[in-house]
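**Student:** Residue strings, one per chain:
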Amino acid sequence: MNNWRNWRIDILNEGDAMNIRRLKDLVASKLMFSATILSGLIAFIIAFALFQRSTLILTTQPLSGLLLSSSWHPWKGEFGFYSFIVGTLWVTVLAMVLSIPPSLLMSIYLAEYAPIKVQRIIKLMVDLLAGIPSVVCGLWGVLLVVPLIRDYLAPLEGVTTTGYSVLAGGIVLAIMVSPIIISISEEVIRTVPQQVREASMALGATRWQTVKYVVMRSAFPGITAAIMLGFGRAFGETMAVLMVVGNVPKVPSSLFDPAYPLPALIANNYGEMMSIPLYDSALMLAALILLFVVLLFSFVAGILLVGIKRRFAVG
Amino acid sequence: MFKPHISIQKLNVFYEGHHVLKDITVDIPEKRITAIIGPSGCGKTTLLKSLNRLIDLVDGVKVSGNVLVDGINIYGNGLDVTNIRKKMGLIAQVPNLLPMSIYDNTAYGSRIHGVKDRKELNQTVERCLRVSGLWDEVKDRLKDPASKLSIGQQQRLCLARALAVEPEVLLCDEPTSALDPISARHIEGQLLTIKKDYTIVFVTHILRQAKRLADYVVFLYFGELVEHGPAEEILTNPSEPRTQAYLKGEIS
Amino acid sequence: MDKRKLEENFFKGLMIASTIIIVGSLLSVLVVVLFRGAPALSISMLAQTPKGGYYLGKEGGILNAIVGSLYLAGGATAIAFIISLPTTLYLNEYAYRSKLASFTRQSLDVLWSVPSIIYGVFGFTIMIYLSIRASLLGGIMALTLLELPIMIRAMDEVMKMVPLKLKEASYALGATKLETTLNVIARQALPGVVMAILLALGRAIGDAASVLFTAGYTDNIPRSLFDPAASLPLAVFFQLGTPFPEVQQRAYASGFILLVIVLSLSVASRLLTRRFMRYVIK
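Residue numbers (our numbering), protein chains in the order written: chain X, 2 to 316; chain H, 101 to 352; chain Y, 1224 to 1505.
Be a bit skeptical, because a hint or two may be false.
Unchecked claim - Here are the simulated BS3-like cross-link-like pairs (lysine-lysine), alpha carbons at most 30 Å apart as the crow flies:
hint : chain 1 : residue 1 : chain 2 : residue 2
1    : Y       : Lys1226   : H       : Lys216
2    : H       : Lys216    : H       : Lys243
3    : X       : Lys213    : H       : Lys162
4    : H       : Lys296    : H       : Lys219
5    : X       : Lys118    : H       : Lys162
6    : H       : Lys103    : H       : Lys311
7    : H       : Lys162    : H       : Lys216
8    : H       : Lys187    : Y       : Lys1228
9    : Y       : Lys1226   : X       : Lys25
10   : X       : Lys31     : Y       : Lys1388
11   : H       : Lys219    : Y       : Lys1400
In case anyone wonders, no lab produced these hints; they're calculated from the structure.
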């Protein structure tokens, strides 16, 4: 009887200890809220800042003129981005062409065929090697890929080149982009439910037929997302490409020609940027274009991936 | 009276060290319906899946013993698994549709075994959908995604799909447990209708269903074959005490 | 049947070949850098800053870059952590299904794919606006921005997995949100949080594009936030660009050092998380 009365009193008179706890809770949640808002807004702040700095050059020339002209003579006030955009596309598309088929095949192998021990080891290796810094890949490109092109591949085609070329950039990028395509694709393939595979195999299909007709169909959106993310990553990659691609502002006409991708343009010229009028604004515009393309691709990829999670989510 | 179609001899199955099926020896009669009954989780599905070697897909599985189909051991060396599976159709507990249209689902089996002729495929699709009782309901929307069907229709589609590759044996893993009673009766009706052309082996935990459909019964208790024989004998007058207890509902 | 079997074996061969090519190429990056870099490695490389004439082939080392990188990445990781942890905790415990949470997560997801040079450009813009020169401070700012989405995403993945019954146990005892968050969620997620920190740190040490404009470069070890700071990736880059073979050799060695540091961090993070798993409930 007495105990019950005490308990009632306890919850009605909370006392100072509870108030302090409540206060701490409140302050902490306000702080965390601010941190969260800040984190969420960063992307917008960056986009806005870049836009603001590029407006200067946009007032002097129309966007289409800047994008389609290939004359790049900053000291004359000519800022034609065309050769850089095309150069970036050459290198990025080549990287994707080189990387996608083997990466997809490898993901299928890891998800459908490889014995567990092999899976673990290979995934571990790919994870570790995915973290290789950009400059180190660039260094590898300079030490291995460029001489390979210069001394073996180009003479095969009857071309002389320094080796610093679209091809070198494509190869280095392909290696850098493969881990991300592989890890996402592999995960997506894994989410295809086992029952669907069993249905196919119970009818007497071979493993490969099951993969080709059933698994790939289901995994298609996710794999597309993986490829888009890879594309975005390749498009914006700076250091490694800069070190092997030659950096000549001309539209490349063959794989063995040098190119000058957008990120390399920005990286190479930040020093002179302030000394020539409009140069800084032009480079900001280049950065903005870069940001826009990358954001577009990762946004679409994100939507595709959410669609997958929703489709296979069980109750 | 009961001519054996499948002869299981000393079949043992291990999953990662767990002894799931212990020394199973039994003959499955031809062109009859055989029911495998027993408490949940005691290996019924494993037994079924070892008849079409679908358990090969499980990591860490070990199989010993023989399974003879028409005298040939399907676990023998050098045999083509995909042909074995073609002979043994499987219908799963929950309809496992392929991500395609109704037509493509039904035709899938034929296609992967090399049939390309459009006319032939059309004929096969119509024939199998008729046999499984689905034709009238879907003949106007064959190109619709299979997922749009009701669950009872989906299971009948799985039946049609399995029949399209002309198996000799139909393996059914609790084929009606996910269905409403009307669809369930429908499927049972189809099985009875086609029984004259196929050897049917089905797993169930519904004793009434076994009584309705089975000609032959196999009672499995935690991986062990306790008793087997003609349905009337086993279901009404079993000799083993465990079978008696199960039938009385003491163990489930 | 033979046709199908042929098809199966053909593609199986292709798949294995692809795996070998990709893994082999990745390994060759390691091998080439290690093999070309090791010969030029020496104690003085690690222990000294560049003396006069270093870039012409004379003595010195890259201590400026090693220490610079540590300051830059260390500072950025600390600040990024201070912002990331509360954000992730908030997203998971206070605002889980709210519009704010999905907005923030999406915004950060998008930020995650942003190429690092953008952070450099942005940092540079801010620096001009605030009249700061290329310095340790500038580099730290840019690297913090780089690390934030990586850290938050990694921490978020772990915290999402904290089982509901753990939180229920805490609340049932009368704990406030804050107390539950700090004592239960943070502890359960600790291994993952550690991994997130090391992951972001490794990424920051290896990045060149974001510090290119913002941290500057110098032969000295920075003594204040406003001094320019050298970094390992840039050390590799600049030394590679000289016409002198001896200096280029040193670039390879610097690449070796950088690679070893980043890989060790990666391995260490995996081993450490195993050690921290003691209090985690599965």
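**Student:** Compare the structure with the hints numbered earlier in the document and write down the numbers of the violated ones, lowest to highest.
**Tutor:** Structure breaks hints 7, 9 and 11.
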